[in-house]
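Let the sequences and hints guide you as you build the complete structure.
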Amino acid sequence: MASSTSLHASDLAEQLQTLATELGVARWDLGAACSTDTSVQVDRGDAKQLKGAQRSSITVRAWNADGLVGITSTSDLSPAGLARALAGARDASAYGNPDDTPGFSPLATAPLAQLEQPLSEPRAILELLETLKQAEAELLSRHPAISTVPYNGLAQRSSQRIYLNSEGACREQQLSTASLYLYARAEETGRKPRSSGAVRLAYGAGELDVAGCIEEAAERTIQHLDYAPIATGRYTCVFSPEAFLDLIGAFSSLFNARAVLDGVSLSQRESLGSQLAVPFLSIHDNGLHPGNIGAASFDGEGTPVARLPLVEGGVLRHFLHSEATARAFGVAPTGHAGLGAKVSVGPHWFEIGPAGSSDEQTGARGLDRFSQDGIVWIDSLSALHAGVKASQGSFSLPFDGWLIQGGEARSIEAATVAGDIRQVLKSLVGFEGEAKVTPDGVCPLVWVEGLSITGDA
Amino acid sequence: MVLLATPTPSLTGDSLDQRWRERLEAVLAAGTAAGASLVEVFLESTDHIGLLAEQERITNVSPAFGRGAGLRVFLGERDGFVSTNDLSEAGLLQALDQALGMLGLTRSTLGAHGFAGLAFLHDHGASKESWLQRCPGLDESTARLLEATALLNRHGDHLQARRGSYARDWQEVLVAASDGTFARDIRLHQSVGINALASDGDHRASLGRRYGSSGRPDDLRQWDAEASAIDLCGSARAMLYADYVEAGNYPVVLANRFGGVIFHEACGHLLETTQVERGTTPFAEKVGERIAHEAVTAVDEGLSDGAFGSLSMDDEGMEPQRTVLIENGVLQRFISDRAGELRTGHARTGSGRRQSHAFAAASRMRNTFIAAGPHTPEQLIGSVDRGLYCKSMGGGSVGPTGQFNFAVEEGYLIEDGQLTKPVKGATLIGEAREVMPRISMCANDLELAAGFCGSVSGSIFVTVGQPHIKVDTITVGGR
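The listed protein sequences derive, respectively, from chains A and B.
Numbering follows numbering that gives the first Met the number 0, in which position 35 of the first sequence is assigned residue number 34; successive positions increment by one, without gaps.
Numbering follows numbering that gives the first Met the number 0, in which position 422 of the second sequence is assigned residue number 421; successive positions increment by one, without gaps.
Just so you know, these hints were derived from the structure itself, not from any lab.
Keep in mind that a hint or two might mislead.
What the hints assert, rightly or not - Pairs of lysine to any residue residues, derived as SDA-like cross-links and limited to a Cα-Cα distance of at most 25 Å, are as follows:
id: 1; chain 1: A; residue 1: K191; chain 2: B; residue 2: R289
id: 2; chain 1: B; residue 1: K420; chain 2: B; residue 2: G103
id: 3; chain 1: B; residue 1: K420; chain 2: B; residue 2: H121
id: 4; chain 1: A; residue 1: K191; chain 2: B; residue 2: P281
id: 5; chain 1: A; residue 1: K191; chain 2: B; residue 2: R432
id: 6; chain 1: B; residue 1: K285; chain 2: A; residue 2: T188
id: 7; chain 1: A; residue 1: K425; chain 2: B; residue 2: A241
id: 8; chain 1: B; residue 1: K420; chain 2: B; residue 2: G155
id: 9; chain 1: A; residue 1: K425; chain 2: A; residue 2: D455
id: 10; chain 1: B; residue 1: K285; chain 2: A; residue 2: S146
id: 11; chain 1: A; residue 1: K435; chain 2: A; residue 2: G355
id: 12; chain 1: A; residue 1: K425; chain 2: A; residue 2: A295
id: 13; chain 1: A; residue 1: K435; chain 2: A; residue 2: T361
id: 14; chain 1: A; residue 1: K435; chain 2: A; residue 2: A331
id: 15; chain 1: A; residue 1: K425; chain 2: B; residue 2: P281
id: 16; chain 1: A; residue 1: K132; chain 2: B; residue 2: D96
id: 17; chain 1: A; residue 1: K425; chain 2: B; residue 2: D199
id: 18; chain 1: A; residue 1: K425; chain 2: B; residue 2: S198
id: 19; chain 1: A; residue 1: K435; chain 2: A; residue 2: E206
id: 20; chain 1: B; residue 1: K420; chain 2: A; residue 2: A389
id: 21; chain 1: A; residue 1: K132; chain 2: B; residue 2: S454
id: 22; chain 1: B; residue 1: K420; chain 2: A; residue 2: G392
id: 23; chain 1: A; residue 1: K191; chain 2: A; residue 2: D378
id: 24; chain 1: A; residue 1: K132; chain 2: B; residue 2: G103
id: 25; chain 1: A; residue 1: K425; chain 2: A; residue 2: L383
id: 26; chain 1: B; residue 1: K285; chain 2: A; residue 2: Q391
id: 27; chain 1: A; residue 1: K435; chain 2: A; residue 2: F328
id: 28; chain 1: A; residue 1: K435; chain 2: A; residue 2: Q267
id: 29; chain 1: A; residue 1: K191; chain 2: B; residue 2: P250
id: 30; chain 1: A; residue 1: K425; chain 2: B; residue 2: Y240
id: 31; chain 1: A; residue 1: K191; chain 2: B; residue 2: T343
id: 32; chain 1: A; residue 1: K191; chain 2: B; residue 2: D96
id: 33; chain 1: A; residue 1: K191; chain 2: A; residue 2: K425
id: 34; chain 1: A; residue 1: K191; chain 2: B; residue 2: R437
id: 35; chain 1: A; residue 1: K425; chain 2: B; residue 2: G200
id: 36; chain 1: A; residue 1: K132; chain 2: B; residue 2: E76
id: 37; chain 1: A; residue 1: K132; chain 2: B; residue 2: T343
id: 38; chain 1: A; residue 1: K191; chain 2: B; residue 2: S454
id: 39; chain 1: A; residue 1: K132; chain 2: B; residue 2: G278
In structure tokens form, the structure reads like this:
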């Protein structure tokens with residue numbers, strides 16, 4: 000496998016500065032990324048598809064004499080490609096928005112947090128293939144109803160990110176990651192097929208928790224075999240950590256300063272300091288959490304990533320910012336920016352949990368989902384891209400889960416859960432169990448009362 | 000300014016054409032000499048512009064361009080795929096080596112091979128060289144978008160945010176394979192979208208419309224922005240104060256055009272050979288059997304003039320066909336690509352498609368629609384005592400068990416055969432085998448609508464379509 004570390008930040012900076020001088024561009028910045036990927040998929044013991052990719056891309060911004068910014072992206076990192084990109088950005092700057100012009104982040108040269116991200120040597124692809132074959136075979140052997148694992152993959156990536164600007168900022172990060180996903184399909188005679196799965200991430204293929212992934216995929220799939228319809232009505236729901244993190248992620252425009260400024264967030268400027276949720280809920284964005292495999296130490300504008308309180312004790316405390324939105328709010332950038340003429344803003348990794356340690360602050364109610372009847376345990380949500388109206392606050396989403404009666408959980412055949420995120424945040428009953436680290440964040444089980452469930456019974 | 004000042008590949012003489020023959024033949028010969036049963040190279044050059052207007056401002060101009068190659072090597076039914084941005088001969092050979100290595104093969108100059116050279120270039124792009132230059136430039140494009148947001152302001156009420164977006168995607172491709180395939184094409188897609196968020200106190204409604212075409216450089220110029228704005232603002236006005244739909248099982252009438260997403264999600268994906276390979280379609284052994292109501296005839300094709308999913312050749316160099324999938328409820332055939340034909344025996348249909356060189360082609364839909372029937376839309380609505388009329392759809396998805404879902408963006412109750420009050424928040428869910436027999440009536444007003452489909456080979460341009468159809472009963476998620 001070729002090394003992905005083929006970009007040299009100082010050379011790139013020198014090349015760009017030379018080109019910029021030739022093109023009359025006094026102010027520029029650049030984000031670059033390159034990666035080498037290998038991945039395998041299997042199908043009932045045979046290799047299905049083996050893939051490799053070398054990818055490279057740069058995004059260049061240029062400011063014109065009027066201070067307006069233009070941008071161009073390309074996958075052509077040749078000198079001609081760089082020149083064309085910079086010229087394109089210069090030309091596009093004529094269409095820059097004078098009402099909202101991004102600038103360099105004042106933190107683009109600030110010290111970065113030191114991340115513990117061991118670089119792992121990539122494994123040979125045939126070794127990955129053998130690991131995945133064994134994992135598939137193991138999963139297929141777990142239950143006679145599991146006949147296929149139609150969605151599976153083992154992938155590894157070596158990557159490099161760079162941020163440079165004409166005032167001397169020079170950020171660089173290298174990373175190696177690996178991922179494994181196993182989604183099994185099970186079917187019993189005369190019954191509908193059922194499916195579920197699990198995902199694992201690590202810094203290298205050798206560190207992946209393959210056994211845990213098999214165990215979780217098997218357990219989830221088998222638990223959904225004995226299904227029954229559920230009657231339409233209002234239920235108290237217990238969200239799995241993954242499901243609740245998905246829901247908060249889908250409505251993250253609540254915390255997005257760009258969306259606030261654009262008028263498409265449910266929050267407004269004056270929402271800061273208001274009670275958004277029950278007093279025992281806290282939400283932080285913490286891209287630096289050690290559980291966040293693939294954490295970035297800086298954002299698209301070079302700003303350091305840091306832990307940011309979004310909701311404390313149910314109160315909305317901060318928004319996620321780019322340089323431009325931070326300037327509009329009179330605060331410092333928070334390390335959540337992309338790179339653009341209009342800069343996007345987004346979360347890294349959520350920490351969701353109690354606001355403090357007392358019972359009042361933890362939402363501790365001695366909750367045990369198996370101790371009550373009629374509880375809907377939502378395991379995973381589907382189709383968030385279609386069923387979430389972020390600017391309206393509403394959602395209507397298919398889910399996989401269980402109805403708990405008499406201490407027993409029975410899988411629900413097919414159903415949707417619907418509600419309003421503002422209502423959800425104020426209808427939390429409490430948390431159950433310890434917080435679980437997932438690929439998208441860390442969160443315990445979350446109880447919410449009064450949600451609408453549509454079933455087929 | 001006509002376009003950005005940066006020259007396009009076709010203008011610099013750097014076009015993907017006959018001049019690549021020698022380099023590609025060297026790669027293909029090396030692959031077959033190593034023992035590969037088939038080697039395929041997909042070269043791509045792209046030139047994209049995305050624009051965004053918000054309220055009275057252009058807020059984003061995003062040009063992007065790139066080049067790359069995807070190499071696929073088959074050994075029997077197995078394949079290895081490698082993508083790269085390095086199109087030099089050394090870069091392509093390095094990618095070939097990696098793909099060969101995935102199959103346990105090694106390049107050798109000593110091996111025999113059956114590669115007889117590439118055929119005469121089948122150049123679908125020759126007549127399209129001027130397309131890019133005939134597209135509206137940035138001045139004209141941005142003016143059209145600002146016109147659109149102004150029209151939304153003129154025709155809308157309580158609009159808190161107004162957006163217009165435009166994307167122009169130009170793609171030049173060259174496909175070469177060791178079976179002699181040598182084909183070139185130029186593709187041009189344009190899409191324009193308008194979105195509005197209406198807000199009044201606690202009442203909110205966000206709606207959007209998207210229009211798209213392929214191969215029509217003048218399309219943005221000819222787009223009726225005012226009609227689009229009036230249509231969207233009318234819907235926003237209706238939905239702003241709409242109640243949430245009551246959950247339950249209803250008969251549903253789905254409007255034409257984008258209502259076709261129900262067939263796309265509920266059945267179309269399950270008729271791709273990738274699903275046959277995975278064992279995730281319930282229809283794998285059902286050719287010749289009834290899988291839908293006899294009222295249903297469904298087609299997938301890449302031929303409709305200007306439609307978003309139309310193409311002169313697929314991403315494996317094959318010309319598209321009109322493929323009748325279901326005729327009067329009986330399954331006729333599957334949508335197939337090269338690997339699908341190899342692994343399932345279903346003949347290729349010109350449906351090997353991919354987002355870019357970074358993806359291997361897979362069997363994917365093109366323009367997919369339910370054919371027109373004998374009824375009027377009024378007859379469908381008039382046949383329902385109490386149900387739901389879905390005028391506008393959001394997105395949807397289908398899972399590995401055939402369970403599908405899609406969101407209703409604009410809906411109305413049907414009471415005693417008449418449309419009554421608007422309702423929002425509906426999600427339709429079901430399972431393909433159950434819902435297809437319940438499509439019992441088709442109207443006579445077939446229309447197509449442009450969209451994007453995301454699946455194993457990335458996000459691609461497609462159209463969905465249908466006349467008004469009636470589904471006898473379906474689960475409606477609501478509150």
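Hint by hint, here is what the structure shows:
1. K191/A to R289/B: Within the cut-off at roughly 19 Å; holds.
2. K420/B to G103/B: Judged against 25 Å, a Cα distance of about 64 Å means the pair is violated.
3. K420/B to H121/B: The hint is violated at about 55 Å.
4. K191/A to P281/B: Within the cut-off at roughly 10 Å; holds.
5. K191/A to R432/B: 10 Å, holds
6. K285/B to T188/A: 18 Å, holds
7. K425/A to A241/B: 23 Å, holds
8. K420/B to G155/B: 20 Å, holds
9. K425/A to D455/A: This hinted pair is violated, its Cα atoms lying about 28 Å apart.
10. K285/B to S146/A: 20 Å, holds
11. K435/A to G355/A: The hint holds at about 17 Å.
12. K425/A to A295/A: Violated. K425/A to A295/A sits at ~32 Å, over the 25 Å cutoff.
13. K435/A to T361/A: With a Cα-Cα distance of about 16 Å, the restraint between K435/A and T361/A holds, given a limit of 25 Å.
14. K435/A to A331/A: 31 Å, violated
15. K425/A to P281/B: 42 Å, violated
16. K132/A to D96/B: 23 Å, holds
17. K425/A to D199/B: 22 Å, holds
18. K425/A to S198/B: 22 Å, holds
19. K435/A to E206/A: 19 Å, holds
20. K420/B to A389/A: Satisfied, since the Cα-Cα distance of roughly 24 Å is no more than 25 Å.
21. K132/A to S454/B: 23 Å, holds
22. K420/B to G392/A: 22 Å, holds
23. K191/A to D378/A: 19 Å, holds
24. K132/A to G103/B: Holds, because 16 Å separates the two Cα atoms, which is no more than 25 Å.
25. K425/A to L383/A: Holds, because 21 Å separates the two Cα atoms, which is no more than 25 Å.
26. K285/B to Q391/A: 43 Å, violated
27. K435/A to F328/A: With a Cα-Cα distance of about 34 Å, the restraint between K435/A and F328/A is violated, given a limit of 25 Å.
28. K435/A to Q267/A: 31 Å, violated
29. K191/A to P250/B: Given that 25 Å is the threshold and the Cα spacing comes to 23 Å, the pair holds.
30. K425/A to Y240/B: This hinted pair holds, its Cα atoms lying about 23 Å apart.
31. K191/A to T343/B: 24 Å, holds
32. K191/A to D96/B: Distance of about 44 Å is beyond 25 Å: violated.
33. K191/A to K425/A: 37 Å, violated
34. K191/A to R437/B: 18 Å, holds
35. K425/A to G200/B: Given pair K425/A, G200/B holds - Cα atoms ~19 Å apart, limit 25 Å.
36. K132/A to E76/B: 17 Å, holds
37. K132/A to T343/B: Holds, because 21 Å separates the two Cα atoms, which is no more than 25 Å.
38. K191/A to S454/B: Within the cut-off at roughly 23 Å; holds.
39. K132/A to G278/B: The hint holds at about 17 Å.
In this structure, the earlier hints numbered 2, 3, 9, 12, 14, 15, 26, 27, 28, 32 and 33 are contradicted, and the remaining ones agree with it.
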